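Colleague: So the protein sequences, as listed, match chains A and B. Here this note's numbering is used: the first residue of the first sequence is 1, the next is one more, and so on. Here this note's numbering is used: the first residue of the second sequence is 1, the next is one more, and so on.
Treat the hints with caution; some may be incorrect.
Pairs involving identical chains hold if they fit within one copy or between any two copies, as the list cannot separate such chains.
Claimed, not checked - Capping the alpha-carbon separation at 20 Å, the derived lysine to any residue pairs in SDA-like fashion look like this:
1) Lys-94 / Gln-134
2) Lys-94 / Asn-127
3) Lys-161 / Val-38
4) Lys-94 / Gln-141
These aren't lab readings, by the way, just hints derived from the structure by calculation. These figures come from a predicted structure and were not determined experimentally.
2 protein chains.
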Amino acid sequence: MTADDLYSRTPRVYVETALAQSAVISLAEGQAHHLRQVLRLADAAHVRVFNAGDGEYAGQLRFEGKRGAAVLINTQLRLPQPGADIWLVATPLKKDAFDMMVEKASELGAARFVPVITDHTVVHRVNSERLIAQAVDAAEQCERLDVMQFSDLAPLATVLKSWPTDRRLFVALERSAAPPFLQVLHARPATPATPLAVLVGPEGGFSAAERAQLLSLPFAEPVSLGPTILRAETAGLAALAVLGGFLQGHGV
Amino acid sequence: MTADDLYSRTPRVYVETALAQSAVISLAEGQAHHLRQVLRLADAAHVRVFNAGDGEYAGQLRFEGKRGAAVLINTQLRLPQPGADIWLVATPLKKDAFDMMVEKASELGAARFVPVITDHTVVHRVNSERLIAQAVDAAEQCERLDVMQFSDLAPLATVLKSWPTDRRLFVALERSAAPPFLQVLHARPATPATPLAVLVGPEGGFSAAERAQLLSLPFAEPVSLGPTILRAETAGLAALAVLGGFLQGHGV
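Go ahead and model the full structure; you've got the sequences and the hints to work with.
Modeller: In structure tokens form, the structure reads like this:
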């Protein structure tokens, strides 16, 4: 049995505190509650703790009083490892669809979620605390080391105006002559060292004005995700899956 | 404005009856109810009707009595066009996750969903009527011409025993040395003419015995979907997105 097998069922806890062997890390009250009441862990249970800067460590849980908990840190299991630098730019959606998109984007390795308001956007607000909690949950579940970050909700035009021009922006366009996403990636290969982003529209797509603007941007590359008309959340996930698959499949 | 733009917002209705110009097609009571009460369409409203065998036609709605409706068929909008022959083999999941997987698999173009019981499967039944309704809804929404089909729920071992050996089976394996999915597809390209299938495991993955069996099958090809541990439904969708992207990106 490898260390990987041994620890693969051990609960993972994201902590922002610096991690090092023999350190004792206090957990937030919410985390302590989750480990004790939801996962029903006993005192001295094995856990894993992780963050992007320090990687992942084995640890042992110590409950403290009625509500507190700490982790005594043991050996390092994984070194820090930067993920690909991919942003998902997408519009808020109705609750279930948006929850799903945020969770799956985290699983599929997006580094940052940039929520934007477009001409056909229906939902005009996001709950930032809830989003962050979802991203932490997803990171704990899917074994990534970092946690997906969020930008503030802003109009698409504002985001595009201050766009970092070295970041390639793949724009998923339906009902268009845009070339298949993988064709675009092969023609000018993306690498994990490249800053990348995917933009998907809301239900009903981009407005004519938005399409015209997007097509005029030097850093934007229109792509097609296939012959069907995907729901907004499906488009976001399909784009991340294809981009992640490309980066992985080419060993870069 | 092209015909595509003109009709892109027109409701689509799946009908099994043969379609031909000037024919009058009676709709099922549930469809009539949906068009009248949910979409609030008026008599003589424009609709589109479609099926895999006949393609898609423009039509006009005729309400009949309190509960009936028919469509007077007008010009053909799309010729029949076979999709890729892709099966998704996956285990039933809790309601929300399974609903999501079925809907997104339809959108991403799976021709057939094969529900299987594996050693770590928790949910041991499916509601066939509900599944079919979901696949019809998704087809109407995402503009595919055919409707995803369902096999009966069966143990994985039974499905593998009667597997059509000319159908390539890509098995998503986590925590393994399986090569990236796109690498496997490039090494031996899949085409839409090839019968293909993707198998994803349940939460917790395949058992050791299942892994050993899967790795021994001549038609099974293990693949990796990336460095993170994906939830079952995410794995199914990521695999379909990558496979669809490959088929589309290579113009085959």
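Colleague: Give a verdict on every hint.
Modeller: Hint by hint, here is what the structure shows:
no., hint, result
1, Lys-94 / Gln-134, "both (16 Å within a copy, 19 Å between copies)"
2, Lys-94 / Asn-127, "within (12 Å within a copy, 26 Å between copies)"
3, Lys-161 / Val-38, "neither (45 Å within a copy, 40 Å between copies)"
4, Lys-94 / Gln-141, "between (24 Å within a copy, 17 Å between copies)"
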